[in-house]
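**Q** What follows is each chain in one-letter form.
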Amino acid sequence: MSPYFAGIDIGSTMTKVVIMGDEIVASIIGPTGPEHRKLANKVIEEALIKAALSFEDLAYIVATGYGRINVPFADRQVTEITCHAKGIHHLLPKVKTIVDIGGQDSKGIKISNGKVTGFVMNDKCAAGTGRFLEIIADSLGVPLVKLGEISLTADKAAEISSTCTVFAEHEVINKLSGGESVANLVAGIHESVATRVYALVNKLKIEPEVAITGGGAKNIGLVKALEHKFGFPIVVPPEPLITGALGAALVGKEVYEKYASEGLVPTRSGHGLEEARLFS
Amino acid sequence: MAFVLGIDVGSGYSKAVVCEDRSIRSFAVMPSGGDYKEIARTVATKALLEIGLSFNDVVYTVAAGYGAGMVDFADHSLTDISCHATGIHHLFPSVKTVIDVGAQFSRAIRLDNDGRIANFILNEKCAGGSGKFLQTIARILHMNVNEIGDLSLTATNPVEFTTACAVFAESEAVSRIAEGAAPADILAGLNKAMASKIITLVTRVSYAPDCALTGGGAKNRGLVKAIQEELSTTVLVADEPQITAAFGAALVAFERIQAR
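Protein chains in written order, with the working numbering: chain W, 1 to 280; chain L, 1001 to 1260.
Derived from the structure by calculation, the hints contain no laboratory data. Some hints here could point you the wrong way.
Unchecked claim - Simulated coverage check for chain W against chain L, where a stretch passes if three residues somewhere in it have a Cβ under 8 Å from a Cβ of chain L:
1) 81-93
2) 160-172
Said to hold, decoys possible - What follows is a set of in silico ranges between Cβ atoms, one per label pair, in the way DEER data are often shown:
3) W:E254 - L:A1118: 39 to 47 Å
4) L:S1196 - W:G114: 33 to 41 Å
5) W:I173 - L:R1221: 27 to 35 Å
6) L:D1072 - W:P31: 51 to 59 Å
Glycine included, each C-beta is placed from N, C-alpha and C at the ideal position.
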């Protein structure tokens, strides 16, 4: 039986798992809770059930994302920048620039042959991150996942002059009570996020093709606003949330195969799922 | 002897100061709400009534602040920046740098030796260094914004915040509360985060001592302490820091009748 590999990406908002052999056999996406260790066990067990595998079938496990340190059974921790680059390169080999819009940060990553050649990140200010969209969606009484399709019905994007999430929220509420339509306001906040993200990523030399990952990639209105700023099309992978976890699994596969080519097996963490439970 | 009126309609609070010549006789502070025209009249009336005066006793009125244009009974209007400068220079002639922490905006103003404005910078892009930040935090801790300062001074182990973004600091504070951090330690950490944000403004106007803190934020003693630690110097705070610009406006009103 060929070996299997798991990648687990614990983001600030969502946790993702990918299990792969030669191809992806299972993936899981769930919200990140406050207790990463318990969660890491839970999601990997779910993914194993989905893949009809047991924990012992996993030859190597790599953790990534902001909570990657809290996965005791992971054999290696790798930054999400590296993992996004690997995951995207595997899915879309022509991509040179990645825009990642996550729950609490946004990033730009330049890649060449699957290797990271530069990156920029904003995790200090909520503007330009998923958090901004979440807060505004909330005050407009619109589900986050509906923002994209709602914005497509806008006749004109409302101008949101505030950058700061706190001030933009007030501005949106004022404009709403002033009679502006929800669709135009949503289109306006997509413009606002796109402006911030473009300013960030533009610090790198943006080269096509450009791919978008993270939760922001699921918002068609935001993707369109970004395409408008960038001036060319942006590729959205089939499941934009799991590219980091996929990249982590791929790192695991590479490590394993490198050792295997010398007739060796890589050192493991020594932690099983049961042992990890004792920590929680 | 003449009574003059200074009014500062801010984004959060409206302030009125009645002066007899250059001396403060009474003042009033009220939340601005949504009707600036109305609040300007109300807060001025309140200050006047306190010393048994009416609008007819006022010789000259100067309005300043975010809603200055709405004060229909003012004889003249000015920016709050220039009124802050006038007010502070009168109170503390040695001051070269003024930090104003208002409800929505914070500013740093650099004065020359004669109290004239040499430079200023406004933070209108980010809630991080403004009163809005404190209000957000007060809300999640279920306390009054006025209680933040004193409680933060009792901190024994201030929490380190990674950002001064009002949105991210709020979620960070919630996580720290969940981990059992004491409210005093959280507040001390937040005052520190806010101070570091404010210092970036101060540096950009080329800081020089003495330094004064004005606005509602100056009432937060924990913030004053955090700013003092950042600047490694004592920061001057007026007895009523919130009325500095309104007082400056009243001083300008008096100068204007002197010049007539």
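**Q** Measuring from beta carbon to beta carbon, are S1196 of chain L and G114 of chain W in 33 to 41 Å?
**A** The hinted range 33 to 41 Å holds for S1196 of chain L and G114 of chain W, with Cβ atoms some 39 Å apart.
**Q** Can the segment 160-172 of chain W be counted as covered by chain L under the rule of three residues or more with Cβ-Cβ separation shorter than 8 Å?
**A** Coverage by chain L holds here, the residue count being 6 at a Cβ distance below 8 Å.
**Q** State, for the Cβ atoms of E254 of chain W and A1118 of chain L, whether the hinted interval 39 to 47 Å holds or is violated.
**A** Distance hint for E254 of chain W, A1118 of chain L is violated at roughly 60 Å.
**Q** Does the beta carbon distance between D1072 of chain L and P31 of chain W stay inside 51 to 59 Å, or does it fall outside?
**A** holds (53 Å)
**Q** Can the suggested window of 27 to 35 Å be confirmed for the beta-carbon pair I173 of chain W and R1221 of chain L?
**A** Distance hint for I173 of chain W, R1221 of chain L holds at roughly 33 Å.
**Q** Between the segment 81-93 of chain W and chain L, see if three or more residues pass the 8 Å beta-carbon test, and mark the coverage as holds or violated.
**A** violated (count 0)
Checked against the numbered hints listed earlier, the structure breaks hints 1, 3; every other hint is satisfied.
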